[in-house]
Amino acid sequence: GHPGYRNPAIQGKEGGGMGHPEIYPLVLTVKTQEIFHCRAEDDVTDEQPYKLINKETFFEDFKNRGAISDFYPVKKIIQEYPGDELLLVYDKDFKYGLNFYLIGTEEGKENYLNPPEVPEEQEEQKEHISEEVYVYKPLVSKPWVSLGSEKEIEEESVKESTKQIKYMISRKRSKFGAPIKFSDQNASNVKDAYIECTSYPDKNFTLKQLEKDVGMQVVPQIKDTSTQTKWTYPKNATTQYYPREFSEEEKEAFKQSKPLADFLDNMSVSVEIALQQNEITNTFIDDWKCLAEEEGTFGDKTDTYLKEYQSFTDLHSPTEKMITCVSWHPTIFGLIAVSVAERLSFEERVQFSGKLLLQPSLILFWSFSDPIHPQLMLESPDDIFCFQFCPSDPNIIAGGCINGQVILWDITAHADRIENIKSGGSRSKKATLKPMFILEPESNKEAMYIRHCAVSSIENGHKKVITDIHWLSDTFEVNRMGSVFENRNGICCQLITCSADCTICFWDIRPQKISTPQPTEKKKEESIEIPFDVPSTFLHLDLSWKPLSKVRLSKGETSLDHCPTKVSLNEEHLLYKTQDKALAQSKAAKAGEMNPYQNLEGGIGDHLKPIDDFCTKFFVGTEEGELIYTDWKMERDPETGRLMTKKPVSLYTVHDGAVHTVQRSPFYNDIILTVGGWNVAIWKENVTIGPLLQSCCAPKRYTSGHWSLTRPGVFYIGREDGFVDIWDLLEKTHEPALSQNICITVITYIKPWTLSSKQQFIAIADYYGTLHILEIPWTLSHPSTNEISSVNHYFEREVKHLEYVEQRKSIREQEKKEMELEKEKKKVKTYQKSKEQIEAEMKIDYDSYLELEKTVLMNLGLDKVIEKMSFTE
Amino acid sequence: MVNLGSPPAPRRSKGADRLGTSLPGSRAVPGRGEEVEETLKRIQSHKGVIGNMVVNAEGIPIRTTLDNSTTVQYAGLLHQLTMKARSTVRDIDPQNDLTFLRIRSKKHEIMVAPDKEYLLIVIQNPCE
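Chains A and B supply the protein sequences, listed in that same order.
Each residue of the first sequence is one higher than the one before, starting from 1 at the first, in the working numbering.
Each residue of the second sequence is one higher than the one before, starting from 1 at the first, in the working numbering.
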C-alpha cells in the first residue's frame, strides 16, 4: 500500500490513508494554528508533535468561521466523535500528504499515544537464539488484531448483487446420442414460432426532396469484354547448327568431274571480263563530288600568314634570359610553360657563377589572360634546358638541368589555382603592356614560387647539361638490362634523358626495392629540412635518385664519344589526344580516385610480363650533326661479363651543325624530321640508304623545328635571324613554301598546339626571352582531303627513288666493270697485232695518201708537175 | 569462239565484247584437276581479287581460297540470293535466265556466275 495523497476535497467522506481510516489529513493555515495553539515548530514540535484539542474548541471555531474553517471538512467526524478530546498531530514529514492530521477514533488516539510494545520482546528473543542451536518453535496462533484491513478487503471483494438463476434441463436417457431427425416446419403454421418486425412508414422520417443537383456527362457507349488466353512466357530459343560440308575425298571427286571443268571453262570468261572492267575503271565514282574541297572553311582562304596573337616576356627578371624550352599545358587551355635560362656563354657563366647562384632558375607558367604576371613559377637549382609534362598526370613535370640533374615538380596543390584562370575573358589581340608603375599588386595573382620536389643524385646522374628529356609511354617499362616489360601501373613512371656527357640514361620515379641493407645507414644521416609546402610525392628520390641504366654512345675504340642532343623513341603515342582523355579518366577511375603518383610503391614487386617484339631502337641526334640509329638494350660482353651497350645500327652524317630537332611525325610513326646546321632532313625508319629528303643549305642557320600537328606534309623551321620557314611537302620540296619574320633574334623553340578544330596556335620562343604566340591560319592548319595518303605516297615515292638510286649505283658499277673489261680486251687485241701487219697497214695508208695528193694536184691543174714527180717515185 | 552451253535466251546486256582469252583446253591436255586449279589460280591472280570459291547447287562449298567460316557464310548467303535473283528474272520473263550477278558494296564487289549445278563466286576490291 502507499500512503497516497488523497484529495482533501473528498477525504472528508472517507478515511485518510489506506489502512488508517481514522487518519484525516488536514491543511491548517497559520491563523488556524494560532487559534488552536498548534503552531508548527512552536507549540507542536518533534518531541511532542500532537495536541489534544477539546471538542468545544472546534465548535466555537465552526461558529466563528463557518465554512472557511479548516476543520470544516471533518465537521461531521468531530461531531460524531465519542470522546471529548481529539488528537491533532503535526505531520512534519507529510506522511499523509498534508501538514496536519486529525485522528478520528478513540482507538486510533490510543494507538498513537500508546503504541503497542510488541517489538521489544522479539529483540530479546533474537539475542538468545543466536548463541544456541535453533530450536523449532511451532507457530502459535494468536487472536487476529484488526488493523483496519478488513475494510479494504470488503471494499475490494466482489459480491454478487443479484441472485443467480438456476435452470435444470432434463431429458430421457435413451435419447442421448440417438440420431437426430430434423424436419421442416412452416413458421407461419405454428403459433408464436416467430416474431415479426414489420416495416412501416413512419411519418416522422419521410422527407420529400424538392430539389436535386445532378451532373450529366455524355459518355460513349463502351462495352467491356474479356477473354482468357493461354499465357506462355517468352523463352529464349536457340538453334545450334553446323554447315554441311563436303569431305576431302568428295571435293577431290568434284575436282575430277567433267561438269565442273566445263562449268569453269564457261564461266571463267565472263568473270574475267568483269574483273578486268573493274581494274580499268571505277564506274561508280562520283567525280563531281570528289572534286570539291571540304566546305565550311573559316577565314580567308588567301590568308596564309601567321597572325600575331600574344607575346609574353618576364619583365621582372633582373638579368637577360633566353627561352630554352616551351611546352603547352596538356589539359588546360591557354596555359603555356616556358623554361628560361641565362643568356651567357660558358666563360661568362664561370665568371658570374657566384651571382647566378642567388637568382632562382625558373619555369614560368603563362596564361593568355594575363600577359604580365606569370601564373606559377617553378624553382630549380640551376638553369633548365628541357622539360616535359608527364602525359598521365599534367601536375608532374620533369626537367633537365644544366648541371646534369633531373628535377621533378609536383604542382597538384596548385592545380586548382591554374585551372580557374579566366580563360578567354580578356583575350585581346595585342599584348596590353601597362607601364610598370601603374601595375597594382593583385591579391591572389602574386606568382608563387614552387620549389622542386626531387632532384637526382649528383654523383650518379649526368655530368653535363641534359639536352633532352622524355617521359616513356605508359604502355611499357624498361628494366636495368634494357628489356621491355608491360607496364601495369597505367601511368608514366620512367624517363629517358640524354646529356652532353655522351650518355643516355633511363630513370624510374618509383622507389627502388632495397634488397641489401643500405650502407648509408652507417654514414651520418643528414636530415635535410624540407619546406613544409613541398609535397612529398617524390621524397624517396630526393638527392638519391639514380638512373636505372646508362647507355653510353661510344665511337668504338677511340675515346671520343657521340654527344647526343635529342632523342626520339618509337611507340610514343600521340600525346594528349582527346580520345586519350577518356582512357586516362577510366584509368583514374580504376585507380580508385587515388592519385597513383602518391602511391608509387604499389606496383614494383609485381612480376611483369615481358613484351617480346618491342622495337628497342631509337634515333639520336648528336652535336656533330650525325643521326644515329641505335639500340638501348644492353648485352653482356662475352669476355668481361659486363653489361655493354650495343653498337649503333646505322649512322648518318647529314647536317653541318648540331642536330637540335629529332622528331617523329604525328601521322606516320616511322617518319622522322631532323633539323640541324643549315639544312633539314626527313628519314624513314628501316630505310638505311639515306634520308628521304635532304634540303639544300639555307641562307641562314636553322635553329629549331617542329612538325605541324594537323597537316602531315607541313613543318615549321625557325632560323637564326628570327624568320620562320614553313615547308609544305605537297607544294615545294626544294625550298620553304612560306617565310615569315617573327622577331629580331634567334628562334630557340617552336611548339604548335591545337586548341580546337577552328584554332591552332604556335608558340615561338626567341633568344631574348620573349615568347610569341601566333595563330595559324586555316590553310596551314587544315589538311586537304587525302592529304595523308598523298604525303604517304610522296614518302613511298622517295623510298622507291632511293632504292632505284641504289640499284642504279649497282648497275653503274656493273657497267663500269664491263666497260673496263672491254677496254682491257681492246688493249689486248691491239697488242696482238704483229709488226708486219703494222707495216702493211702503214704502207696502205701511205699509198692512199699519195693517191689523195695526186687527185688534189690534178684538180688544181698541176698535172704536169705530178707526172714529173712520178718519175722520182 | 566460246561455246557457253547455257540456254539460248538473250543474255543480260552488258555491252562488253568477248575478249579473246586463250582457253585452257587449247593447250596440251593436262589432267582435269589441274585445269580446275589453274583456272581458279588465274582468277585469283587478277588485281584486287580477295578470294574466290566454287559452290554446288545446294550451297555447299567445293573449292575456296578463303577460310572456312567466311566461305560457309558467303556460300550460304549468296546461294540464296542467286536463287532469288534467278527466280525474279524468270518470273518477269520465263524465257529469260540469270547469267551474271554483281553486287557492288562500299568496300568490294562480289561477282556470282551461276550455272545449273554450280556457282562461281569471286570477291574483288575494285578501288586502288
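Take these hints with a grain of salt, some might be off.
[Said to hold, decoys possible] From chain B, some residues computed to sit far from chain A (all C-beta separations above 10 Å):
| hint | residue |
| --- | --- |
| 1 | G33 |
| 2 | V36 |
| 3 | G51 |
| 4 | I62 |
| 5 | R63 |
| 6 | T65 |
| 7 | S87 |
| 8 | V89 |
| 9 | D91 |
| 10 | D93 |
| 11 | P94 |
| 12 | N96 |
| 13 | D97 |
| 14 | R104 |
| 15 | Q124 |
[Stated by the list, open to error] So the derived list for chain B, only partly shown, Cβ under 7 Å to chain A, looks like this:
| hint | residue |
| --- | --- |
| 16 | T39 |
| 17 | L66 |
| 18 | I92 |
| 19 | E117 |
| 20 | V122 |
Because the hints were derived from the structure by calculation, they are not lab data.
Glycine included, every Cβ here is placed at the ideal spot set by N, Cα and C.
Hint-by-hint comparison with the structure:
no., hint, in the structure
1, G33, "violated, 4 Å"
2, V36, "violated, 5 Å"
3, G51, "holds, 13 Å"
4, I62, "violated, 5 Å"
5, R63, "violated, 7 Å"
6, T65, "holds, 13 Å"
7, S87, "holds, 20 Å"
8, V89, "holds, 16 Å"
9, D91, "holds, 23 Å"
10, D93, "holds, 20 Å"
11, P94, "holds, 22 Å"
12, N96, "holds, 17 Å"
13, D97, "holds, 14 Å"
14, R104, "violated, 6 Å"
15, Q124, "violated, 6 Å"
16, T39, "holds, 5 Å"
17, L66, "violated, 14 Å"
18, I92, "violated, 21 Å"
19, E117, "holds, 6 Å"
20, V122, "holds, 6 Å"
Hint violations for this structure: numbers 1, 2, 4, 5, 14, 15, 17, 18, all remaining hints satisfied.
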